[in-house]
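Using the hints provided, position chain X relative to the given structure of chain A.
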Amino acid sequence: MNNYILSKKLFRNELSTFYSFLIGFIIALFVGSLILLIQDKNPIDVFSLMLKLSVGSINSLSNSLNKAIPLILAGLGISIINSVRLWNIGAEGQIFMGALALNFFYINTSIQNSALYIFLLLTASFIGGSICILIPALTKVLFGVNEIITTLLTNYIVFGLTIYLINGVWKDPASLNFPAAAYVSELVYLPIIVGKLSSGFLICIIFTLLAFYIKDKSVFGYEMRIAGGSELTAIYAGISAKQKAFLAMLIGGGFAGLAGGIELLSQTHRVSTGISQGFGYTAIIVAAITGMRPLGIFLVGCLFGALTIGGSVIQTIGVSSYIAEIIQATTLFGALVAQFFFSYEIKKKVENG
Amino acid sequence: MVDIQFIGLLNATLQAATLLFIAALGELITEKSGILNLGVEGMISIGAVSGFIAAINTGSLFFAIIIGVLSASVFASIHAFVTVVLKQDQTVSGLILTILGLSLSSLIGKKYVGKKLDVKLESIVNIAEPDSILDIFLSQNIIFYLGILLMVATAYVLKRTMFGRRLEAIGEDLKSSDSMGLKIAKTQFIATCVGGAFAGLSGVYLTLSYVPYWTDGMTAGRGWIALALVIFGGWKPYRTAFGALLFGFLEALGPRLQTYGFEMSPYIVKITPYIITILVLILLTIFKNGDTGAPRNIGIPFFRENR
Chain A
1479 MNNYILSKKL FRNELSTFYS FLIGFIIALF VGSLILLIQD KNPIDVFSLM LKLSVGSINS
1539 LSNSLNKAIP LILAGLGISI INSVRLWNIG AEGQIFMGAL ALNFFYINTS IQNSALYIFL
1599 LLTASFIGGS ICILIPALTK VLFGVNEIIT TLLTNYIVFG LTIYLINGVW KDPASLNFPA
1659 AAYVSELVYL PIIVGKLSSG FLICIIFTLL AFYIKDKSVF GYEMRIAGGS ELTAIYAGIS
1719 AKQKAFLAML IGGGFAGLAG GIELLSQTHR VSTGISQGFG YTAIIVAAIT GMRPLGIFLV
1779 GCLFGALTIG GSVIQTIGVS SYIAEIIQAT TLFGALVAQF FFSYEIKKKV ENG
Chain X
90 MVDIQFIGLL NATLQAATLL FIAALGELIT EKSGILNLGV EGMISIGAVS GFIAAINTGS
150 LFFAIIIGVL SASVFASIHA FVTVVLKQDQ TVSGLILTIL GLSLSSLIGK KYVGKKLDVK
210 LESIVNIAEP DSILDIFLSQ NIIFYLGILL MVATAYVLKR TMFGRRLEAI GEDLKSSDSM
270 GLKIAKTQFI ATCVGGAFAG LSGVYLTLSY VPYWTDGMTA GRGWIALALV IFGGWKPYRT
330 AFGALLFGFL EALGPRLQTY GFEMSPYIVK ITPYIITILV LILLTIFKNG DTGAPRNIGI
390 PFFRENR
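Line order of the protein sequences matches chains A and X.
Just so you know, the first sequence maps onto residues 1479 to 1831 in this note's numbering.
Just so you know, the second sequence maps onto residues 90 to 396 in this note's numbering.
Since the hints were derived computationally from the structure, they do not count as laboratory data.
Careful: at least some of the hints might be erroneous.
[Claimed, not checked] Straight-line Cα separation of at most 27 Å, BS3-like style, residue types lysine-lysine; simulated pairs:
1. X:359 x X:204
2. A:1825 x X:377
3. X:275 x A:1519
4. X:377 x X:248
5. X:205 x X:359
6. X:275 x A:1826
7. X:199 x X:209
8. X:200 x A:1720
9. A:1486 x X:264
10. A:1487 x X:377
11. A:1649 x X:359
12. A:1720 x A:1695
13. X:176 x A:1825
14. A:1826 x X:272
15. X:275 x A:1825
16. A:1530 x A:1674
17. X:275 x A:1486
18. X:199 x A:1530
19. X:325 x X:272
20. X:204 x A:1519
21. X:377 x X:209
22. X:248 x X:275
23. A:1487 x X:200
24. A:1826 x X:264
25. X:176 x A:1487
26. A:1825 x A:1487
27. X:176 x A:1486
28. A:1486 x X:204
29. X:176 x A:1826
30. X:275 x X:264
31. A:1487 x X:264
32. X:199 x X:248
33. X:272 x X:248
34. X:275 x X:325
35. A:1825 x X:272
36. A:1487 x A:1826
37. A:1519 x X:264
[As the list claims (entries may be wrong)] Non-contacting residues of chain X with respect to chain A, defined by C-beta distances greater than 10 Å in every case (computed):
38. 192
39. 262
40. 313
Please read all numbers here as calculations on a predicted model, not as lab measurements.
Positions of the beta carbon are idealized from the N, C-alpha and C atoms, including for glycine.
If we strip away everything but chain A, and leave its shape as in the complex, we get (with noise of 0.2 Å):
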């Protein structure tokens, strides 16, 4: 062993990103075998059923796509506050919190059938997102609190608050077991696009484009890279390291905002628990595994939509839906693997002389 020395690649391939998610998806399906042949399943029966019913058909496509807006905005979001440096675990209860604001704002004000009303509504589930993150951003920013833990546990307190609220002034009478707010309108739906496909995919297209633009293309994005990256840089440069990591909190948190914005408006029509089924922790995987690259967010947010939509509809021959979560983990477990080999080298020890 000591005659081998590890020695870090001065260049990585430029798509080592990439091989590395192909490589730990690959891993991945073979754990998930594993998996299925412990519980006497045929994994190529299994996998092939998920296939079939996650992208077969227009209407199974379709639905895959609808699941893979929120991993989409979300793990947008999460990368937008990834160039300061920072983590946002709380996309799940900012999910929850864009419904939220969504309704709270739906409520208040009289309903009108125009693009515009609907347009008001998503900007309010976007701010609800920002709302759910201005705690932990603010302390960050003030005073250093591990930001963390701090929008991890705001999943939870939104949660609680949202059963709160359908269990209390928001409940529907109608809804008896399954306690949820009113339906609402009609009017205020997403148009299909074709199929079941919402055009909230459309707006996760545009979004996609924005996020690119922001941390990729636009001043701002290169003074948060700035900012996250060496705070005496920063202070040379004359930026405010503060200032760029308080707004990336809030676009950012925005953003998941907005996918529970279009999941109410899309799918659920209806403020319930069922808003997010852990999208804002499988958007962290969605985010991390691309190396919080937009694009790459985009493509792999859509295969995780059809694998959770896969996972979904295995439950029907006695195969738990946990596969497909299990499938997404080990992906990002692979890929680190694989990332090692990229970035490291294993060379024989030379004696010296």
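Leaving out everything else, chain X in the frame of chain A:
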């Protein structure tokens, strides 16, 4: 004679505190070595489900504790492998450990949801109607005392033994530790697995005593509160124990507020521990002016440059 409500409150406080404290103590050891493991929630969940399954299938509590502790420790070794051996990002790896742990334990535990335990961790000294503070302390189960023992042992090992001093040195200064010839990778790997074992013990306490049954998501963010506790305790075992008692008290107080004459929605009561954790964390950071006493090298992978 003490007020019966107070007895109940104290008992619940000790139980909630035990659960939080053991997991926090494990994370403290891991973080002392410079490894941040955000997977506490996942590790507790793995320990909880595997301990529960072992208890159902074997009927042996001793065996259940061993299985719960071991499986969480093995699970933590994934994090150790990825961050110590492969030097990958500790935040990412820890987060995924939580996500994987929660989904994996849901998968394993699916058949056991709603099942009842025939055996339960009983108190060592059997007191039918505890009516004094001493009785409450005596009527806890073995994991409570184990927690106290681990607290004293951890404080001793960290401060008074070579292993503990080396562990702390590695967490504070990787380069100097390396030039002193300390085995960094080995120590960090062990510290991470020990952290997992402690989280597993806390998980076993959850399913064999605190609740006691198994259902999805029953860890309910306790792993994250444990992480906050480590910060609260300034990476010191005794102070962390004090923090655990404080948080345990608040968790126990919530459902009892009504009996003390406070009208509060049960849904709001449920979220108070999280609100309080955030508030405490904020106040603490302001009070300490940002310097929380964290190991200096936490989160930084060790890489020996070519020489």
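Consistency of the hints with the structure:
no.	hint	result
1	X:359 x X:204	holds, 25 Å
2	A:1825 x X:377	violated, 46 Å
3	X:275 x A:1519	violated, 39 Å
4	X:377 x X:248	holds, 23 Å
5	X:205 x X:359	holds, 25 Å
6	X:275 x A:1826	holds, 22 Å
7	X:199 x X:209	holds, 20 Å
8	X:200 x A:1720	violated, 49 Å
9	A:1486 x X:264	holds, 17 Å
10	A:1487 x X:377	violated, 40 Å
11	A:1649 x X:359	holds, 19 Å
12	A:1720 x A:1695	holds, 21 Å
13	X:176 x A:1825	holds, 17 Å
14	A:1826 x X:272	holds, 21 Å
15	X:275 x A:1825	holds, 21 Å
16	A:1530 x A:1674	holds, 16 Å
17	X:275 x A:1486	holds, 21 Å
18	X:199 x A:1530	holds, 26 Å
19	X:325 x X:272	holds, 23 Å
20	X:204 x A:1519	holds, 24 Å
21	X:377 x X:209	violated, 42 Å
22	X:248 x X:275	holds, 20 Å
23	A:1487 x X:200	violated, 47 Å
24	A:1826 x X:264	holds, 23 Å
25	X:176 x A:1487	holds, 14 Å
26	A:1825 x A:1487	holds, 11 Å
27	X:176 x A:1486	holds, 11 Å
28	A:1486 x X:204	violated, 52 Å
29	X:176 x A:1826	holds, 20 Å
30	X:275 x X:264	holds, 15 Å
31	A:1487 x X:264	holds, 20 Å
32	X:199 x X:248	violated, 43 Å
33	X:272 x X:248	holds, 19 Å
34	X:275 x X:325	holds, 23 Å
35	A:1825 x X:272	holds, 20 Å
36	A:1487 x A:1826	holds, 14 Å
37	A:1519 x X:264	violated, 50 Å
38	192	violated, 4 Å
39	262	holds, 20 Å
40	313	violated, 5 Å
Of the numbered hints given earlier, the model fails hints 2, 3, 8, 10, 21, 23, 28, 32, 37, 38 and 40; all others are met.
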